[in-house]
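Participant: Chain by chain, the residues:
Protein chains: 4
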Amino acid sequence: MKRIILSALGLLTLSGAYAQLKPEKMTPESSELWDPEPRLVTPGTLTGNLLGTTAPSDALVLFDGSGLDQWVSSEDAKSPAPFTVKDGAMTVAPKKGGIQTRQEFGDFQLHIEWRSPSEVKGSGQGRGNSGIFLQGIYELQVLDSYNNRTYANGQAGSIYKQTPPLVNPVKAPGEWQSYDVIYTAPRFNKDGMVTVPAYVTVLLNGVVVQLHTQIQGTTPYVGRPINKPHGKGPISLQDHGDLVSFRNIWIREL
Amino acid sequence: MKRIILSALGLLTLSGAYAQLKPEKMTPESSELWDPEPRLVTPGTLTGNLLGTTAPSDALVLFDGSGLDQWVSSEDAKSPAPFTVKDGAMTVAPKKGGIQTRQEFGDFQLHIEWRSPSEVKGSGQGRGNSGIFLQGIYELQVLDSYNNRTYANGQAGSIYKQTPPLVNPVKAPGEWQSYDVIYTAPRFNKDGMVTVPAYVTVLLNGVVVQLHTQIQGTTPYVGRPINKPHGKGPISLQDHGDLVSFRNIWIREL
Amino acid sequence: MKRIILSALGLLTLSGAYAQLKPEKMTPESSELWDPEPRLVTPGTLTGNLLGTTAPSDALVLFDGSGLDQWVSSEDAKSPAPFTVKDGAMTVAPKKGGIQTRQEFGDFQLHIEWRSPSEVKGSGQGRGNSGIFLQGIYELQVLDSYNNRTYANGQAGSIYKQTPPLVNPVKAPGEWQSYDVIYTAPRFNKDGMVTVPAYVTVLLNGVVVQLHTQIQGTTPYVGRPINKPHGKGPISLQDHGDLVSFRNIWIREL
Amino acid sequence: MKRIILSALGLLTLSGAYAQLKPEKMTPESSELWDPEPRLVTPGTLTGNLLGTTAPSDALVLFDGSGLDQWVSSEDAKSPAPFTVKDGAMTVAPKKGGIQTRQEFGDFQLHIEWRSPSEVKGSGQGRGNSGIFLQGIYELQVLDSYNNRTYANGQAGSIYKQTPPLVNPVKAPGEWQSYDVIYTAPRFNKDGMVTVPAYVTVLLNGVVVQLHTQIQGTTPYVGRPINKPHGKGPISLQDHGDLVSFRNIWIREL
Chain W
19 MKRIILSALG LLTLSGAYAQ LKPEKMTPES SELWDPEPRL VTPGTLTGNL
69 LGTTAPSDAL VLFDGSGLDQ WVSSEDAKSP APFTVKDGAM TVAPKKGGIQ
119 TRQEFGDFQL HIEWRSPSEV KGSGQGRGNS GIFLQGIYEL QVLDSYNNRT
169 YANGQAGSIY KQTPPLVNPV KAPGEWQSYD VIYTAPRFNK DGMVTVPAYV
219 TVLLNGVVVQ LHTQIQGTTP YVGRPINKPH GKGPISLQDH GDLVSFRNIW
269 IREL
Chain S
19 MKRIILSALG LLTLSGAYAQ LKPEKMTPES SELWDPEPRL VTPGTLTGNL
69 LGTTAPSDAL VLFDGSGLDQ WVSSEDAKSP APFTVKDGAM TVAPKKGGIQ
119 TRQEFGDFQL HIEWRSPSEV KGSGQGRGNS GIFLQGIYEL QVLDSYNNRT
169 YANGQAGSIY KQTPPLVNPV KAPGEWQSYD VIYTAPRFNK DGMVTVPAYV
219 TVLLNGVVVQ LHTQIQGTTP YVGRPINKPH GKGPISLQDH GDLVSFRNIW
269 IREL
Chain R
19 MKRIILSALG LLTLSGAYAQ LKPEKMTPES SELWDPEPRL VTPGTLTGNL
69 LGTTAPSDAL VLFDGSGLDQ WVSSEDAKSP APFTVKDGAM TVAPKKGGIQ
119 TRQEFGDFQL HIEWRSPSEV KGSGQGRGNS GIFLQGIYEL QVLDSYNNRT
169 YANGQAGSIY KQTPPLVNPV KAPGEWQSYD VIYTAPRFNK DGMVTVPAYV
219 TVLLNGVVVQ LHTQIQGTTP YVGRPINKPH GKGPISLQDH GDLVSFRNIW
269 IREL
Chain Y
19 MKRIILSALG LLTLSGAYAQ LKPEKMTPES SELWDPEPRL VTPGTLTGNL
69 LGTTAPSDAL VLFDGSGLDQ WVSSEDAKSP APFTVKDGAM TVAPKKGGIQ
119 TRQEFGDFQL HIEWRSPSEV KGSGQGRGNS GIFLQGIYEL QVLDSYNNRT
169 YANGQAGSIY KQTPPLVNPV KAPGEWQSYD VIYTAPRFNK DGMVTVPAYV
219 TVLLNGVVVQ LHTQIQGTTP YVGRPINKPH GKGPISLQDH GDLVSFRNIW
269 IREL
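Chains as they are written, first to last, in our numbering: chain W, 19 to 272; chain S, 19 to 272; chain R, 19 to 272; chain Y, 19 to 272.
Next up, chain W with everything else stripped away, as it sits in the complex (with noise of 0.2 Å):
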């Protein structure tokens, strides 16, 4: 009762001109919205010293530390994952290439945590470098972007050639390093232009870095971003040569 008074007192205090006029109409139950019931999901929960939490109830998992299941060759989906696992992570095998997930993705909210060798080796864009690939075409950096300078849309957040990070909050190498994405895809005419671009938003290491940042098109090491029209399209981890290891990754569709 009080707090009902307090809000027509409350009514009073706004300045007259942006007042909403008639409120003796309205009723508390003209605003409520009761259906759809938003879905019941039960949150992951953090255990060891992950950076984020397992799966929740409507994720799939796509890496729990125990195989490969859900992953294929980049350069052929008929051939394993060329990625080796080991305690619980799995890391990239050099020269035998990237690897995708079997299922394929729309909108969706990505987990991933990965981790650059802590044998620190070469500098720039040869330092503990990887990517992952949105629907297998848009690259997220990942590099070992610790005291490592490069062009800030090649460093680790970045949209790989397009947008630098907001800021560089990444850890020192060895240490492991999480991402959590949050995209919705792009959409095409019957031209193959873009009227809905794509939209990322990405925290790394807890951290905004993109923040409902515009997708161009592809993310290539030479030439600018393209557009070409796609469906769904997998989560792909990079092979570019470096030990680089990933854990704890899940993705829900939106």
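These aren't lab readings, by the way, just hints derived from the structure by calculation.
Don't take every hint at face value.
[To be verified] Which chain S residues face chain W? A few, computed with CB under 8 Å, are given here: (1) 49; (2) 127; (3) 173; (4) 240.
[Stated by the list, open to error] As a list, the in silico DSSO-like pairs of lysine-lysine whose alpha-carbon atoms are at most 30 Å apart: (5) 250/R / 208/R; (6) 246/S / 250/Y; (7) 208/Y / 246/S; (8) 246/S / 96/S; (9) 246/W / 250/R; (10) 250/W / 246/R.
[What the hints assert, rightly or not] Derived CB-CB ranges, DEER-like: (11) 87/S / 140/W: 27 to 37 Å; (12) 97/Y / 122/S: 39 to 49 Å; (13) 124/S / 111/W: 45 to 55 Å; (14) 140/R / 97/Y: 51 to 61 Å; (15) 247/Y / 82/S: 31 to 41 Å; (16) 271/S / 190/Y: 46 to 56 Å; (17) 47/S / 137/W: 27 to 37 Å; (18) 140/R / 209/S: 22 to 32 Å; (19) 122/S / 210/R: 33 to 43 Å; (20) 122/S / 79/Y: 38 to 48 Å.
Using N, Cα and C, we set each Cβ at its ideal position, and we do this for glycine too.
Given the coordinates of chain W, work out where chains S, R and Y should sit on it, guided by the hints.
Facilitator: Just chains S, R and Y now, kept in the frame of chain W:
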């Protein structure tokens, strides 16, 4: 003429009609962007049973369990914040009013953890009810929504009386829950109309519940959203009469 | 030649921190994108006293004054459209019901001209009232809003019961008025929740009244917006009992 | 308790999972929004052979054919604008430099008409080339793109070296063409990073060519887009050496 021929050849190596011509004129450096260099941030760490990291190095710690220095009374900014502090958590002191931060914010990333009482009393909106007001105006609902049906746009994870959460990943009463909020402020013109709306993305217990949601205006208990121009604003926490607790609160200006 | 030199000089005047490094590695061709080539469209022409051009070559002409072939009854898609056609305009036949297009649309650009009766009767919502339903669902209000105060989110240029127009550029009753509408359709997930909202930009008599406005859901007379998944939908015109007329209607799928 | 019972009953009387409960508690007034009342604007009129209306009452007339009072030299803001004025049009005076408005703008709606020379000379970027710089920085390309193939992100309707037009609705050289531009300015943070990008929607000859396109940064001839913080800025028109003309230019701050 020569270009067209090269284009045709390009088609063979790239895929079809969407290939970019003249790749021979490009170098990897053409698409590098070096400056400004993203600022370094040391990410927070996971300690104890926190549901998120401690504050990153560029965050303002709003509450780490030790005191309410960053907060004042919502009713009188010259009065101390009336919440109680115990065991590393702050808790609503029913009927003593809400609290708000001393500082004000524009675009921000906010982390906050909350807990509804383990002893369940009441139902619907009467159970474990509080709220987090973004810029002191727009309410992200806090509610014990565990086995507690209420209107969808009034349960935990909703923008109150506006947008329901995409799913309901809430935990049992007595357990800590986390919000990660990414918010960009609205822009108003001289007429008081919105030209660029506020948008918010929210993760509840690590699960996306608001996905670049446009905030429609104020979030009153009675009445519909209205828009009144404003500048920066505080984070406010509501006293709705229930013993809701908060901890591990930090904010980064984006 | 001279222009290229000036470009190089221009780089020097940029403040260092934001300059792009290594311009010597770039060529003009590096940022050219050749394919796909934008499809040719012959724009429409301004003729007679139309407020917009006739249909561009890739538009579907929904009404050019000659007949209602593209329309059916909203109440029964097997029945002919009950509006009357005279002097190049179609007019609501009060109490005979609304009309809708035979074809359905997703993302589109719509041009439509409308006229409220020159003889003013009634006031508020009772004067020159009709509506244009985007995808048959979301109402862009048509109303004689000339010296006729009503609720802001119910006047001409509003998304009905949602978002008021930024300004009121309406003409006197009896004069033709124009809408140019740019609309992208919503995307729903399996739960029936919106993942990508519908957005609309509207010019009324050439003046922006809706600016990338997020459509919140349905636009009922009583009740708040709700969201129910749907695919493509028609353009519908409302019979609200007033002799509102329409002309020069064309639509382009985006 | 009573409320819950009513809710259950409501489910029975409405249609299925998406119905909104408790309509009996709603009235039509519940969803009315009365204030602020949208400001009155008298729309412009179509006269002569203009491709758009004259300026609405709240617009700033930048050029109505009578003189260059609103413009100065882009190279020296204290010098008069070097374009020539004749027969109601202003025309580039080759090699005398571009021009820019005296006033600066944030979010705006711009109408401008342009004409490339009827005598065709050159090809590609060398034919009827000029440009409209939004906030003096971001180029909306002006080019004789009639039967004149060039790179897609360099033809009329493109955001130069960024986003091609969705289609090519350009008219023959010597004919007047129109741009209607709806622009919201970017927001930068203290680090110089973009938090809210600039977006632009463009109609060329009444046909949508840019659809809420995110502007990626500057639009250089050589190099890729960069972002440098700025406030309001002028409208600038380019001298690219060709005799491009402009007329009927007006702007409204949004």
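Participant: If a hint holds in the structure, say so; if it doesn't, say that too.
Facilitator: Right, here's what the structure says about each hint:
1. 49: Holds - the Cβ of residue 49/S comes within 8 Å of chain W, reaching about 4 Å at its closest.
2. 127: Cβ of residue 127/S sits 5 Å from chain W, so the hint holds.
3. 173: 7 Å, holds
4. 240: This interface hint holds because 5 Å falls under the 8 Å limit.
5. 250/R / 208/R: 17 Å, holds
6. 246/S / 250/Y: The hint holds at about 23 Å.
7. 208/Y / 246/S: Within the cut-off at roughly 26 Å; holds.
8. 246/S / 96/S: Satisfied, since the Cα-Cα distance of roughly 25 Å is no more than 30 Å.
9. 246/W / 250/R: 23 Å, holds
10. 250/W / 246/R: 23 Å, holds
11. 87/S / 140/W: 27 to 37 Å: Distance hint for residue 87/S, residue 140/W is violated at roughly 46 Å.
12. 97/Y / 122/S: 39 to 49 Å: Given about 44 Å between the Cβ atoms, the range holds.
13. 124/S / 111/W: 45 to 55 Å: Taking Cβ atoms as reference, residue 124/S and residue 111/W lie about 47 Å apart, which means the hint holds.
14. 140/R / 97/Y: 51 to 61 Å: 58 Å, holds
15. 247/Y / 82/S: 31 to 41 Å: Given range 31 to 41 Å: holds, Cβ gap about 33 Å.
16. 271/S / 190/Y: 46 to 56 Å: 52 Å, holds
17. 47/S / 137/W: 27 to 37 Å: At 28 Å between Cβs, range holds.
18. 140/R / 209/S: 22 to 32 Å: Holds, at about 28 Å.
19. 122/S / 210/R: 33 to 43 Å: Hint holds: Cβ distance 38 Å, inside 33 to 43 Å.
20. 122/S / 79/Y: 38 to 48 Å: At roughly 39 Å between Cβ atoms, residue 79/Y and residue 122/S fall inside 38 to 48 Å, so the hint holds.
Against the hints set out earlier in the document, a violation occurs for number 11 only.
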